[in-house]
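Guided by the hints, dock chain B onto chain A, whose structure is given.
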Amino acid sequence: MGFVNSSRLAPILLLLPAAFAQSNAILTVAQPEKLVAKRNTEITARIDVSIAEGYHINSNAPHEVYLIPLRLTWTPEPLSVETVIFPKPRDEKYQFSDQPLSVFTGNFAIATKFKVPAAALSGPAILAGKLRYQACNSNMCFPPKTVELKLPIEVR
Amino acid sequence: MQAARRSIALVAVSLLLSGCSSTSKIISDLTGERALGDAKPAVKADKDRKSAPDFELKDANGQSVRLSDYRGKVVLLDFWATWCGPCKIEIPWFQEFERQNKDKGFAVLGVAMDEDGWDVVKPFAQHMNINYRLMIGNDSIAEKFGGVDALPTTFLIDREGKIAAVHVGLSGKRDFENGIRELL
Numbered sequence: 001m002g003f004v005n006s007s008r009l010a011p012i013l014l015l016l017p018a019a020f021a022q023s024n025a026i027l028t029v030a031q032p033e034k035l036v037a038k039r040n041t042e043i044t045a046r047i048d049v050s051i052a053e054g055y056h057i058n059s060n061a062p063h064e065v066y067l068i069p070l071r072l073t074w075t076p077e078p079l080s081v082e083t084v085i086f087p088k089p090r091d092e093k094y095q096f097s098d099q100p101l102s103v104f105t106g107n108f109a110i111a112t113k114f115k116v117p118a119a120a121l122s123g124p125a126i127l128a129g130k131l132r133y134q135a136c137n138s139n140m141c142f143p144p145k146t147v148e149l150k151l152p153i154e155v156r
Numbered sequence: 001m002q003a004a005r006r007s008i009a010l011v012a013v014s015l016l017l018s019g020c021s022s023t024s025k026i027i028s029d030l031t032g033e034r035a036l037g038d039a040k041p042a043v044k045a046d047k048d049r050k051s052a053p054d055f056e057l058k059d060a061n062g063q064s065v066r067l068s069d070y071r072g073k074v075v076l077l078d079f080w081a082t083w084c085g086p087c088k089i090e091i092p093w094f095q096e097f098e099r100q101n102k103d104k105g106f107a108v109l110g111v112a113m114d115e116d117g118w119d120v121v122k123p124f125a126q127h128m129n130i131n132y133r134l135m136i137g138n139d140s141i142a143e144k145f146g147g148v149d150a151l152p153t154t155f156l157i158d159r160e161g162k163i164a165a166v167h168v169g170l171s172g173k174r175d176f177e178n179g180i181r182e183l184l
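Protein sequences, first through last, are from chains A and B. Sequential numbering of the first sequence, starting at 1, is according to this note's numbering. Sequential numbering of the second sequence, starting at 1, is according to this note's numbering.
The shape of chain A in the complex, shown without the other chains (with noise of 0.2 Å):
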């Protein structure tokens, strides 16, 4: 049995990220990076989202109390929230409202800072969160919906 063809493994190696992305027509969440947690300190993971071309989400703060706000939420263990950092979302008008809407749109990361408490368990753990949001278009909204999210972390 000879060696794998690297120039025909190379197009496989590209579409794995892909894979590993949770995601729907509108919005994609890329598989967050492992991150190594020393006990007693703070650290950070960055969820990349990207929503497709032509739809925007309500922000984690809307101006219309109706409106459905981004969230993320995490299980509290092995690890507790310190912190959820939402970029700076943007003031959008659109043909249905007389107002602008505060909207993210396109690429952006959402940070999540981590108390790592002095008494985790070392070893491998998966942190379970939740990403909910509500999406329009120009035309029409779709129901909120609720992407899982499974961040890996390393207790050392």
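Derived from the structure by calculation, the hints contain no laboratory data. These numbers come from a predicted model, not from an experiment. The C-beta atom is built at its ideal place from N, Cα and C for all residues, glycine as well. Heads up, some of the hints might be wrong.
What the hints assert, rightly or not - Facing chain A, according to a computed beta carbon distance under 10 Å, are these residues of chain B, among others: (1) LYS88; (2) PHE124; (3) PRO152.
Same frame as chain A, now just chain B:
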């Protein structure tokens, strides 16, 4: 040579026309009016209409509402939600249609797809002065009507309880008016 010139002229004219068409589409989207030349039937031909699925839901007063109760009337059935911006544009039109046509055998029924139910829908309805009957929808109702994956989705139902038109997304006010007029 002459044939080649004719082909170029034809391509130029069709490009010009397609440009006009997209421009008029934008204008018609904004004004809610359909441009001349974009004319299409406001409702399906009678032979192409299928029966609307029946359902039973409670209105804001807790009273039972069945679609079949409205047999003999033209019904505008609107699936919407408080978090849906495009739906908010259409609501005043539907209020107007209800006011203008309720004595002619016409009714608007609004099915709100809000997960939080009346807690959010009642204050919103008061804020918008909604004058037609509202109900809270669910997945099973949406499934009956083909999934209702996008809001607003609006069905025009004829007096025999058949679906005469479906509008997915924000539509032109004139499209609804033409459909209602034709069914009444």
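For the hint on B:PRO152, does the least C-beta distance to chain A fall short of 10 Å? 7 Å, holds
For the hint on B:LYS88, does the least C-beta distance to chain A fall short of 10 Å? This interface hint holds because 7 Å falls under the 10 Å limit.
Given B:PHE124 as an interface hint, is its Cβ closer than 10 Å to any Cβ of chain A? 6 Å, holds
When held up to the earlier numbered hints, the structure conflicts with none and fits them all.
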